[in-house]
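Undergrad: First to last, the sequence lines map onto chains A and B.
Residues 1 to 485 (the numbering used here) are what the first sequence spells out, left to right.
Residues 1 to 283 (the numbering used here) are what the second sequence spells out, left to right.
Simulated from the structure, these hints should not be mistaken for lab results.
You may find that some hints are simply not true.
What the hints assert, rightly or not - With a Cα cut of at most 35 Å, we get these calculated DSBU-like pairs of lysine-lysine:
id	chain 1	residue 1	chain 2	residue 2
1	A	K371	B	K77
2	B	K177	A	K371
3	B	K206	A	K310
4	A	K389	A	K282
5	B	K249	A	K389
6	A	K47	B	K177
7	A	K462	B	K206
8	A	K282	B	K77
9	A	K371	B	K206
10	A	K47	B	K8
11	B	K177	B	K18
12	A	K371	B	K27
13	A	K389	B	K206
14	B	K27	A	K209
Said to hold, decoys possible - Computed footprint of chain A on chain B, listed as stretches where at least three residues anywhere in the stretch have a Cβ under 8 Å from a Cβ of chain A:
id	stretch
15	36 to 49
16	259 to 265
Ideal Cβ positions, reconstructed from N, Cα and C, are used throughout, including at glycine.
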Amino acid sequence: MGYYSQDRAPVLEALQKLKTMRLVPFDVPGHKRGRGNPELTEFLGEKCMSVDVNSMKLLDNLCHPVSVIKEAEALAAEAFGAAQAFFMVGGTTSAVQTMVLTVCKRGDKIILPRNVHRSVINAMILCGAVPVYVNPQMDHNLGISLGMRLSEVEKAIRENPDAKAVFVNNPTYYGICSNLRSITELAHRHGLLMLVDEAHGTHFYFSDKLPDAAMHIGADMAAVSMHKSGGSLTQSSLLLVGPQIHAGYVRQIINLTQTTSGSYLLMVSLDISRRNLAIRGKALFDSVINLVEYARGEINAIGDYYAYSKELVNGDSIYDFDITKLSVFTRPIGLAGIEVYDILRDEYDIQTEFGDIANLLAYVSVGDRPKDIERLVSSLSEIRRNYRKDRSGMLAAEYINPQVICGPQEAFYADKESLPINDTVGRVCSEFVMCYPPGIPILAPGELITGEILTYIAYAKKKGCSMTGPEDMNIERLNVMKGDL
Amino acid sequence: MELWFTEKHTPYVDFSIKVDRQLYSGKSEFQRIDIFDSKEFGRFLTLDGYMMLTEKDEFIYHEMIVHVPMCVHSSAKRILVIGGGDGGTVRELLRYPTIEHIDLVEIDELVVEICKKYLPHTAGCLGDPRIHSYYEDGLKFIRHCENEYDLIIVDSTDPFGPGEGLFTKEFYGNCYKALREDGVMVNQHESPFYKEDAYAMQRAHKRIVESFPISRVYQAHIPTYPSGHWLFGFASKKYHPIRDANWVKWNALGLKTRYYNTQLHAGSFALPNYVEEMLRDVE
Chain A
1 MGYYSQDRAP VLEALQKLKT MRLVPFDVPG HKRGRGNPEL TEFLGEKCMS VDVNSMKLLD
61 NLCHPVSVIK EAEALAAEAF GAAQAFFMVG GTTSAVQTMV LTVCKRGDKI ILPRNVHRSV
121 INAMILCGAV PVYVNPQMDH NLGISLGMRL SEVEKAIREN PDAKAVFVNN PTYYGICSNL
181 RSITELAHRH GLLMLVDEAH GTHFYFSDKL PDAAMHIGAD MAAVSMHKSG GSLTQSSLLL
241 VGPQIHAGYV RQIINLTQTT SGSYLLMVSL DISRRNLAIR GKALFDSVIN LVEYARGEIN
301 AIGDYYAYSK ELVNGDSIYD FDITKLSVFT RPIGLAGIEV YDILRDEYDI QTEFGDIANL
361 LAYVSVGDRP KDIERLVSSL SEIRRNYRKD RSGMLAAEYI NPQVICGPQE AFYADKESLP
421 INDTVGRVCS EFVMCYPPGI PILAPGELIT GEILTYIAYA KKKGCSMTGP EDMNIERLNV
481 MKGDL
Chain B
1 MELWFTEKHT PYVDFSIKVD RQLYSGKSEF QRIDIFDSKE FGRFLTLDGY MMLTEKDEFI
61 YHEMIVHVPM CVHSSAKRIL VIGGGDGGTV RELLRYPTIE HIDLVEIDEL VVEICKKYLP
121 HTAGCLGDPR IHSYYEDGLK FIRHCENEYD LIIVDSTDPF GPGEGLFTKE FYGNCYKALR
181 EDGVMVNQHE SPFYKEDAYA MQRAHKRIVE SFPISRVYQA HIPTYPSGHW LFGFASKKYH
241 PIRDANWVKW NALGLKTRYY NTQLHAGSFA LPNYVEEMLR DVE
C-alpha cells in the first residue's frame with residue numbers, strides 16, 4: 001500500500017469504481033441499489049441508494065480493514081495528527097464508550113468531571129468502572145459548568161492513585177475548555193491515560209485561532225464528532241488514538257458492540273469530510289469564526305442578552321474558549337434559554353441547537369449564510385422587544401455536587417423499585433435523568449436523590465426542557481435501589 | 001433567429017418573451033443579473049431568471065406600491081425603501097415635494113449600477129439629493145432603526161434567494177419598531193393564484209397580521225408577473241387604507257398617473273372571494 005496524499009479519498013474512489021463495474025448484486029442490502037424500494041429511492045435519490053452497499057473485497061470491511069478503509073483511516077489519522085484513527089458508525093457515543101472500555105475493567109477508577117455526556121457513564125455501566133468525580137467549576141451568573149481545575153484533578157489523582165485514566169469533555173457544549181495540555185501532562189506524570197471527549201471540537205484540529213486539540217498536545221484517545229463541525233453525515237464519527245494505545249486492542253473493543261454492516265454512506269461521508277477539512281479546513285473555520293464573531297457583536301448590541309466569549313477566560317476552569325460557539329445568556333430578558341429556543345422555533349421558524357434554563361446555543365457552521373445570521377439576530381432582538389419580562393423567580397442553576405453511593409453498574413443492575421418522583425428523596429437512583437440536549441445527566445445511576453435535585457428537575461420540566469433517561473417516559477416515577485441506605 | 005426569454009411560472013407553466021437582444025449578463029455576490037430588449041415589453045430586467053420589471057408594465061407596480069400609502073399618509077416625510085434597486089419606487093416617491101428624506105436599502109450594488117446604465121427610465125432619478133443609498137441586507141439595516149420612518153416600502157424580490165429575510169416575522173416586527181406611531185408599511189405581497197406563490201402570500205400575511213394592528217391586502221394587474229394577478233400588503237399602526245385616505249388632497253396634487261387613481265385605490269382593496277378566504281385562513 002503506497003502513500004496517499006490528503007487530496008485522495010480511498011473509500012469514495014472505491015465506491016466510484018464500484019459504480020462503473022455494474023456488478024449484479026446477489027448480496028445484501030436487499031433493496032439492490034434502490035430498485036427493490038422505489039419509494040425510498042424516490043425520496044433519497046438514486047445516487048444515494050446506489051452506494052448503500054455492503055462490505056465486499058473492493059470496498060474493504062470496517063470490522064477488519066485491510067485496504068480502502070485502512071487507507072482512509074490512515075489519512076484521517078494523518079490529518080488529525082493521531083497515531084491511528086478509527087471510522088465509527090455508531091456516533092460519537094460509540095467512540096466515547098470505546099475509550100472507556102479500552103482503558104477500564106470492572107472496578108477500575110476513572111477521574112472525570114460530572115458534566116460529561118451520558119455515553120461515558122453508560123460505558124461504566126457496561127464495564128463496571130467506577131467514576132471519581134471532579135467538581136467542574138460553575139459560573140454562577142451564567143449557570144453553566146466550566147472546566148476542571150488543574151489543582152482539583154491533582155487532588156483526585158492523589159486521593160485515587162490507582163485510577164486508570166483522566167477523562168475530560170473539551171470543549172463543553174457551551175465552548176468552555178479546560179487546560180488540556182497541563183492536565184494531560186499531569187495524568188501522564190502519574191501514569192494515567194488521558195481520554196478526551198471532543199464531540200464539539202473537531203474544528204480545533206484545523207485552525208490556529210482555536211484552543212488546543214487533544215491529539216496535538218499528546219492525549220491518548222479522543223472522540224471526535226465529525227458530524228458536528230466536520231460536516232459528515234449524522235452518526236459518523238472518528239476515534240483518534242495516540243502512540244501509547246494498542247490499536248489492535250481498540251479495534252477488538254470497537255467490534256464488541258459495533259455493527260458488522262457498517263454503512264458506506266457514513267464511511268464515505270467521513271472520507272470526503274476529512275479530505276475537505278485537510279485541504280480547506282483552515283479557511284472554512286476562519287469563515288465560521290467571522291460569522292460567529294459578527295453575530296456575537298450584534299447580539300450583545302441588542303442589550304440584555306450576553307453572548308459570551310474569551311473574556312470569560314480565567315486561566316484555569318475556563319482555560320480557553322471556543323469562539324465558534326454561539327452561546328447566549330438569556331436570563332436578563334426574563335426568559336429561560338429553553339423558552340427563547342421554543343419561541344424561535346414556533347414564532348420565527350428558527351431551530352437552534354438547545355436551550356437550558358439560562359442559555360441558548362445556536363450552532364453555527366460552514367453551512368450558514370450571512371443572511372441566516374441576520375435572521376437569528378433580528379429574531380432575538382424582536383423576542384426581547386415582544387417577550388421581555390421580569391426576571392424575578394427564575395432559578396439560577398447551581399452545580400449540584402453528586403453524592404455517589406455506588407458505581408453506575410452496581411446501581412443499574414441492582415434490585416430496584418419504582419417510586420413516584422417526589423417520594424424518592426434520600427434514595428439511590430438506578431437510572432439517568434437528563435435534559436436532552438445536552439444529554440448531561442442531572443442524576444446518574446448510583447447517585448443519591450436530594451430535594452435540591454428534584455426542584456431542579458421540576459423547574460426544567462416546567463420551562464419545557466425535553467427530559468429523558470428514566471424508564472417512565474413521563475418522568476413521574478423514578479427507579480431507585482431497593483432498601484434504605 | 002428565435003431567441004426567447006422563458007420564466008417558469010410553475011413547473012408546468014412557462015412564460016416567454018421574444019428577445020430582440022441581450023444587453024447585459026453578469027453575476028453579483030447575490031444573484032445573476034440580465035438585461036434584455038424585446039419588441040413587446042421593451043427593455044426588461046431579470047434576477048436569477050425571474051422577471052423584475054419591463055419598460056412596458058413597470059408603471060403599474062410602482063404607482064400602486066407608492067401612491068396608495070401616500071394618499072393615506074399624505075404627510076409622510078421620512079421614507080425607507082427596502083429593495084427597489086431599479087429606482088422605480090423612488091421615482092414615484094420623488095414626485096411628492098413634501099417628502100424630505102428617502103433611505104434606499106438595496107442589498108446588491110451591482111443591480112443599481114446596471115439599472116442606472118440600462119434602465120434610465122426608472123433608475124435615472126437615483127442621483128437625487130433626497131435619496132440616501134445603502135448597500136446592505138435590509139433585515140440588518142432595519143434592526144437598528146426605531147421610531148424613524150413615516151413610511152416603509154418593501155420592494156423585494158421573491159421569498160427565496162436574497163429577499164428571503166424580507167418575508168419573515170422578525171423583519172415585519174423590526175419594521176413596526178422602525179415606524180413612527182402613525183407609520184405605514186407597504187410590501188410586495190406575491191400572488192394568490194399559483195400554489196407556491198399563494199403559500200408565500202399567506203405566510204407573509206400571517207406574519208404581518210401578527211406584527212401590525214391594521215393589515216389589509218390590495219391588488220393590481222401586472223401582466224409580466226406570474227398569473228398577472230399581484231398583491232400588495234398595507235400594514236399600519238393607525239391609518240385605515242380607505243377610511244383614512246385623503247382623496248381630495250391627493251387629487252389636488254395633480255399628479256399624472258397611468259394606472260393609479262383614487263377610485264381604483266378604494267376598489268383595489270376589494271378582493272376576489274377565494275383570496276379573501278385564503279387571507280382569513282391565516283388571520
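Undergrad: State for each hint whether it applies.
TA: Comparing the hints with the structure gives:
1. Of the supplied pair hints, the one linking A/K371 and B/K77 holds, its CA atoms being roughly 30 Å apart against a limit of 35 Å.
2. Taking the CA atoms of B/K177 and A/K371, the gap is near 20 Å; set against the 35 Å cutoff, the hint holds.
3. Between the alpha carbons of B/K206 and A/K310 the distance comes to roughly 41 Å, so the proposed pair goes past 35 Å and is violated.
4. Simply put, A/K389 and A/K282 have alpha-carbon atoms about 42 Å apart, too far for the 35 Å limit, and the pair is violated.
5. Proximity of B/K249 to A/K389 is assessed by CA-CA distance (about 44 Å); at most 35 Å being required, the pair is judged violated.
6. With a C-alpha separation of about 48 Å, the suggested pair A/K47 and B/K177 falls outside the 35 Å cut-off, and the hint is violated.
7. The hinted pair formed by A/K462 and B/K206 meets the criterion: a straight-line CA distance of about 29 Å does not exceed 35 Å.
8. Of the supplied pair hints, the one linking A/K282 and B/K77 is violated, its CA atoms being roughly 49 Å apart against a limit of 35 Å.
9. Proximity of A/K371 to B/K206 is assessed by CA-CA distance (about 22 Å); at most 35 Å being required, the pair is judged to hold.
10. For the hint pairing A/K47 with B/K8, the CA-to-CA distance comes to about 27 Å; that is within 35 Å, so the pair holds.
11. With a C-alpha separation of about 45 Å, the suggested pairing of B/K177 with B/K18 is violated against the 35 Å cut-off.
12. At roughly 18 Å between alpha-carbon atoms, A/K371 and B/K27 fall within 35 Å of each other, so this suggested pair holds.
13. Straight-line distance between C-alpha atoms of A/K389 and B/K206 comes to about 25 Å, which keeps the hinted pair within the 35 Å bound.
14. The straight-line distance between the Cα atoms of B/K27 and A/K209 is roughly 33 Å, inside the 35 Å bound, and the hint therefore holds.
15. Residues of the stretch 36 to 49 of chain B lying with their CB closer than 8 Å to a CB of chain A number 0, which falls below the three-residue condition for coverage.
16. Using a Cβ-Cβ cut-off of 8 Å, 0 residues of the stretch 259 to 265 of chain B lie near chain A, which falls short of the minimum of three, so the contact claim is violated.
Hint violations for this structure: numbers 3, 4, 5, 6, 8, 11, 15 and 16, all remaining hints satisfied.
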